[in-house]
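J.: Now for the letters of each chain:
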Amino acid sequence: MMDYQRLLKQAESLPNGDTKLALMEEAIRILDSLQEVEEAFYERMDYIEVAIFSGRAEKAIVSFAWCLAQYDKEPERFDSHDVMWTYKWIAEHLPSFLQVHLEKVEETLADLKRRYQELGYKLRPYYRLKRKFALEKGDLEEAEKYFQLWIKEPRDSMSDCWACELDQQISYYLEKDLERAEELAKSLFNGRESCHSVPSTTYADFLLPTLQAGKVELAWQYHQIGYPLIREEKGFIPWVAEHIQFLTVTDKKKAVLLLERHLPEALALYEKDSQFDFFLAASTLFEEIQEYQHTLHIPEHVTYEWLTNEVESIAKQFDKRNGNDSYQKKIVEVREKIEACREMIKSI
Amino acid sequence: MSQFHFKVNLKGMIDLLSNHLYSTPHVYLRELIQNGVDAITAHKKVMAEYEGTIGIELFTSPTKPPTLYIEDNGIGLTEEEVHQFLSQIGQTSKRGDEEQDFIGRFGVGLLSCFIVSEEIVLITRSVHSDEVIEWRGKPDGSYQIKKLDQEMSPGTKVFLQSKRGFEEYFQPNSVRRYVKHYGEFLPYPIYFYGEEQIRLNAKRAPWEMTTELALQYAEERNGEIYLDAIPLSSTIGGVKGIAYVLPYAVSTNAKQSHQVYVKQMLLSEKVSNILPDWAFFVTGILNANELRLTASREEFYQSDLLELVRAELGDCIKKYLVNLAEKQSDTFWKILDVHYSSIKSLAVEDDELYALFIDWLPFDTSLGRKTIKEIRSEGEMILYTSSVDQFRQVSKVAKAQSVLLLNGGYVHDKELLRKLPNVFPELEIQEVDASTFSENFVDLTLTEREEGYAFLRIANLVLQRFQCECDVKKFNPSELPALYTSNKEAAFFRNASYTKEETNDLFASIIDQMVVEGVKPTFAQLCFNYDNPTIQQLFHSDDPELQRSVIETLYVQALLLGHHPLKQSEMKLLNKNLRQFINWRLEK
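The listed protein sequences derive, respectively, from chains V and R. Throughout the first sequence, residue numbering follows this note's numbering, covering 1 to 348 in sequence. Throughout the second sequence, residue numbering follows this note's numbering, covering 1 to 588 in sequence.
These are computed hints drawn from the structure, not numbers from a lab. Where hints are given, some of them may not hold.
As the list claims (entries may be wrong) - With a straight-line cut-off of 25 Å between C-alpha atoms, the simulated SDA-like cross-links for lysine to any residue are:
1. 567/R to 75/V
2. 330/V to 208/V
3. 318/R to 231/R
4. 567/R to 252/V
5. 419/R to 296/V
6. 252/V to 295/V
7. 576/R to 35/V
8. 73/V to 508/R
Stated by the list, open to error - Chain R residues, not near chain V, derived (Cβ > 12 Å throughout):
9. 121
10. 195
11. 446
Stated by the list, open to error - Pair ranges (Cβ atoms, derived):
12. 222/R to 12/V: 40 to 50 Å
13. 380/R to 225/V: 12 to 22 Å
14. 119/V to 501/R: 19 to 29 Å
15. 269/R to 192/V: 27 to 37 Å
16. 501/R to 106/V: 16 to 26 Å
C-beta: ideal position from N, C-alpha, C; glycine also.
Same shape as in the complex, but just chain R (with noise of 0.2 Å):
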């Protein structure tokens, strides 16, 4: 048996990586300098006390395509390590033990060279030796190597000739800026030789600064004003970084983005999966130095170290708001302003949050919007509706008798209500329906309970075909001639109803099994206001018609105060009454 190799098509594989691996063709700036890097740290481990820089420069000329020049004083390679390592596709110095200490992994950073290049000419001479190699390496997969007879101190110079159609990545301006946005925290300066030497890398990083001189750096350097930034560590990952708290609220369900650095060269600056989901409110800028890449070097692995990194940094943005409470800092309340309904979210989710939150949390009540704290000064019986549509059948019957309702409608608002005693244990939650609210309404006396027999027996009628009961008692408002309330049930109910009457006769025959016979009908109620003018006008009416239109009508404006959608028979309800009013008034 004969053994082969095939070969790999190296057009076809760099064709594959500009195309489909990195994101754009300015890569290969990023590439270029992290070698230069690499080499420096290499360099560093033997010789601790040296200072490595990395050079960059553009040849120009009216008759060729630009040059890109960029040198290292690195460690440099030997002839061998240049066979081994630049002439082998997969295979790269930094393997082994000391992978840590380098940004790279795949050696396949020089090949993105050939996205904007016919050529790479590299020379270098490493500090094991005095030869001066250079190599000369084509996008076809052959290259040459010589040692040349000269002088060169040791490090690294790469020349790289624009391809043609490739040239506006070679333009000084844009080559500026590319480097700036890869390498701009790289802890070893990069320098650009133009007319004057300058430097284009910030000589220390945001994750390096105090809260103060980072709030101050993204307004510089973005023209943002942050509410606040809190500092961020993980020392399993090797992760450093500012989360800055932002100046507007964002929906609970918004994607993140962070701005992330591996070994202070950038990522990418959307990164969304280095926070907690719950850390919404905040945008970061990161360094990680432990977590692995995928091959494009633009995304974490999403692994167990990952979820465990996730989890350690977002302990400090909870210790950080932590400890803004408890020293109730202008600060916590600007933030809380803005973020309080993701905050809310967290506190769900986590009771030591919970615990310092839920006092300063502001809550929907029938007394207007108050914190926690405000509400449990007014006493230590808690009452709430647990929808919005309760809510507001209710809550201007409990503003007039000023009892504090909250609603527990609105997203997160119910579980945070429950968790209550488990902080205040004197607390008493209690979940009120409006129909159980009803219940606290003054009951009539004897007299006026005869004198409004006859009224309360007609609406009773009128009103039993809506599954709907009748009641008079005294409440306030006293301008509310009559109050809806209904129950989860009662509600369902009606719903299917309201269906029924629309479907088909298969379905509505499926309706009528599942709910008429399945669910116990639960009456929905109307409770009449005595304490009203219209109400009492009518009791004391003695024209059964009258009485039975105004009935029919008050039951359904009560309807639509609580934006129940009306059934067709309600709706004509309506219609034939209005009618009846006019008649009235016509034959007078």
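Next comes chain V alone, as it looks inside the complex (with noise of 0.2 Å):
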């Protein structure tokens, strides 16, 4: 057997992660210098799905610039659907690295967007993919049109699956219309519908909200069904964030070992975004167990003051890059949300 191919079997075994990266990376880069494009290719494809399923986006990005390049080279040679699937996992992660430029990611979506025209493609992906980058923005007049073109485009083979697009629309809902949601929320819950992220990360966005309309036993539910689906898995990074502000509120210790567990995976994010929202969950966790902060297993470096920095640079970052002050309401809404989420639990 060749290098490169026993590297690639040994990733084949591991979950997604570090390691897995590190040996299909090793095994590429020797099919580079072979020269051998088309394994190459078809590799860093499966490299990409592992990477954004790692929560590492910075790697997959850069394997998609390549494989774009060759596939533009010579588009007969390679499946133009397989690319313009992943290049919607690329459009979507792009916005949540802070180096990158608004006009950077326009580009992006003009360019993906001219190129299912091309293909034939519905614009069903590319409305929502507008959508998320308008809310992004803080545009809530243009995120809600393209909602609305969302919905209304018809499914193609393109299209999200099922259970990705439920989502989206439940948490489209879940601020303003709880029982909407849950609605929507039945097909998922019941396993009817699901993927690979869909709905480990549903049972997450209900927490919050279900807490505040007073629904304890039923957040608990979603706690206890959900974390273990996302607890052993990488990329889940703001979701953990959720869960832990829903024990923050109901059961601190229990917080306190998710927070243990995922820091690492957090601490070592290049999407700064993901780490914002873990860093503003630790935060507010923090305020509650200043007094046996020195016991817990994690850095020395991390203490409240330094999450709070973070927090605050990391906001204020984004919002420059974004031209509003989206970042730096959500960490006074969260704090609201989980205040008031713990008025709930003493009136009950």
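Reassemble the complex: the two chains are provided individually, in unrelated frames, and hints are given to aid placement.
T.: Shown next as structure tokens:
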């Protein structure tokens, strides 16, 4: 067996994560040096998926850039559906990187739109991405416009899976209409629809809204079913943050366990928006446990002061890039939400 | 309002059963034997000391299709019971508190006979009555009952004539084979009446045997020589079994396949969910009494109970291995030799196993393959690289300096090494990347530095555009002219800039913003070896152009040694210099 095949075989048996990525990277390096373009292309496509599901989008983006270039050189040699499908993930993750300028995100979305139109795909995924991006910029009007365009556009083979689409529609309703969201989530929670990340993320998204509505027991259920689904996985840091928020109100000791377990992954993230979510959850937890902060099994430099500083600094940088104040608002909102939950529990 | 019952089309149901529920028409044999076994078990409840048997015979004639005959001396049915149980689908005499004692659950077993036959003829006498009842059922749902005026000892006889086209399921050889297949380990004797009476089932099941006998049995039955046979038992699931250790290595994600019996009747030879995922290095033969089956009776319901049973059986395997390790038996070494990679993956997850096995597990090191025990005897500081690539970069140097360096790049190795201090607190584990390793190289003296000043300046100038810093030190082996080292960030940076050259403008600018602006540029390093003769010559050359060409060539060579794909600019470098060397030669 060739060196790279041995590496790939080993990688195959591993769960997503850095070790798996490292093995695949070595295999791809060998393929590159052998000038095996086709093999290197398909290995990279696999690698991109693993990188995305390991919370390492920066690696996925770099590899995708290479694949896209090969595809553009010889479109008939590679599977255009594969490339365009992966492009969605890439476009989705791009705004998470602070350094990437907004106009580059716009350009990428325009490029994706052009390619979809040329290949005859419906623009459903494009509208969804535009909506997400509008939210990022804090432009609620535009977000609403693209939400409507998105759900009206017919589905085709390029559309996201049902579970993912439902999940995103749920998050649209979650803040304003919990009942509607619960209705939509039924087919996710009874297992009829699912995919890699749904309903794992859906459970987490429901935690605080459910608690706030006074349904404590139901919220616990969501935690007990939802957390095991992401405990061993990488790339779910924003949702782990939601579980930590929930536990900060309901079970601090357990919140600390989650913090200790997932902190290393959060610290190593390049995607600053996910890091922001985690640090924000961690800092609210730290407010509660300051007296025994020193007993935690975490790196020494991670203290309450450090976390709040980081949260504020990341928020400012994002807001500066996005030209609004939505991240700094989010800090206040999350704190208020947690406070509201706490009041709710007291009143019961 | 009137109430109606909707009609179920029995023919349609049978079609459903035969085409979708059961995997082969041969299951009719299993269902018939099962009814026999259940009848005997029920009989034993009222009369413990009686001996139950089942008999099978085939009647063939040149003019008529073959007929199968099966009899048991079980509890039998009264007329009332015949109406109740044989003639209502979904009804079974095995309901209620005693359900656990029987194999059947669904009362649909007899229906499977209609897959191969147009009529079931059943003659029965209950232990509770003297009446002999004949029941004839047809696939359209009609049936007739009559009392026979004859003598019969308690029990049940079934006659089944083959449908046209299904004769192959009535061939003596295949009937014998399938009865044996399903019922080899049933607790009551099953006889086949032919020219002579033969017993079809075994007298003892493997899960009732000692390890030695079980191994011998497997060899006789399948010609398979297993490394060992591990006894399994789970009280909650009422499971007993044997896990045979495979004599060849299997990949960690290979699909498991175990032969599983329920109440000693074969369930399937391909059950995968009865043992934990990590137990891929064994193949089991097991009997379960308390686990629920799906309607096809070919799989287990996925349930919490199944989870518990799986864990309990997993513990059996673990404890057995632990015991072997403590005794240091030959078998232990054989198993380790074949399955060390499985055991490694086990040890990552399980602290107890880790403590027991870690000393005996082999690792790749700069000084060859060694076990942790051997590695520990070399000293308390353990150095390892986290990738195969890093290991490749420095293992030569490490070897030349007799430094023991472990390759933590392969599956599980890194995780295993990091856990070492939990078991051996005196050990210190250090991840070494190539650049930290090269810090141990011997610095040049001041005069040596002066001597090489011009050379180093040129080298840095030449390689700056490749984000590579140069240095000169002394290190072993002296045959190595230069060592290229980089860490994770430098590797990512290199990969990003390699991609940037290839991709379109949009993504090139995105990569620029993401990587170049986001990550502080870390330089890779090229360390020249002062002790190397080529470098010595180069040091003292007064031809800057020659120095430049050789430096560039050494750089490319070092990259290739480390399996780094060349950027276009580096490829050009190589070509340009080769031409240069040829020209120089020609000019002379």
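J.: Just double-check residue 195/R for me: nearest Cβ-Cβ distance to chain V has to come out over 12 Å.
T.: 54 Å, holds
J.: Has the hinted range 12 to 22 Å been met by the Cβ atoms of residue 380/R and residue 225/V?
T.: 46 Å, violated
J.: What's the verdict on residue 330/V and residue 208/V, does the C-alpha distance respect the 25 Å limit or exceed it?
T.: With Cα atoms ~14 Å apart, residue 330/V and residue 208/V stay inside 25 Å; holds.
J.: Determine whether the Cβ-Cβ distance between residue 119/V and residue 501/R falls within the hinted range of 19 to 29 Å.
T.: 27 Å, holds
J.: The hint says 40 to 50 Å between residue 222/R and residue 12/V; measuring C-beta to C-beta, is that right?
T.: 29 Å, violated
J.: Checking the smallest CB distance to chain V, is residue 121/R really beyond 12 Å?
T.: 46 Å, holds
J.: For the pair supplied as a hint, residue 318/R and residue 231/R, confirm whether the alpha-carbon distance does not exceed 25 Å.
T.: 11 Å, holds
J.: Would you mind confirming whether the straight-line C-alpha gap from residue 576/R to residue 35/V stays at or under 25 Å?
T.: Within the cut-off at roughly 20 Å; holds.
J.: Take a look at whether the Cβ-Cβ distance between residue 269/R and residue 192/V falls inside 27 to 37 Å.
T.: 32 Å, holds
J.: Measure nothing beyond the straight line between the CA atoms of residue 252/V and residue 295/V; if it is 25 Å or shorter, mark the hint as holding.
T.: 14 Å, holds
J.: Between residue 419/R and residue 296/V, does the CA-CA distance stay at or below 25 Å?
T.: The given pair, whose Cα atoms are some 20 Å apart, holds under the 25 Å limit.
J.: Hint check: residue 567/R vs residue 75/V, CA-CA at most 25 Å. Holds or violated?
T.: 23 Å, holds
The structure is inconsistent with the numbered hints 4, 12 and 13, although it conforms to all the rest.
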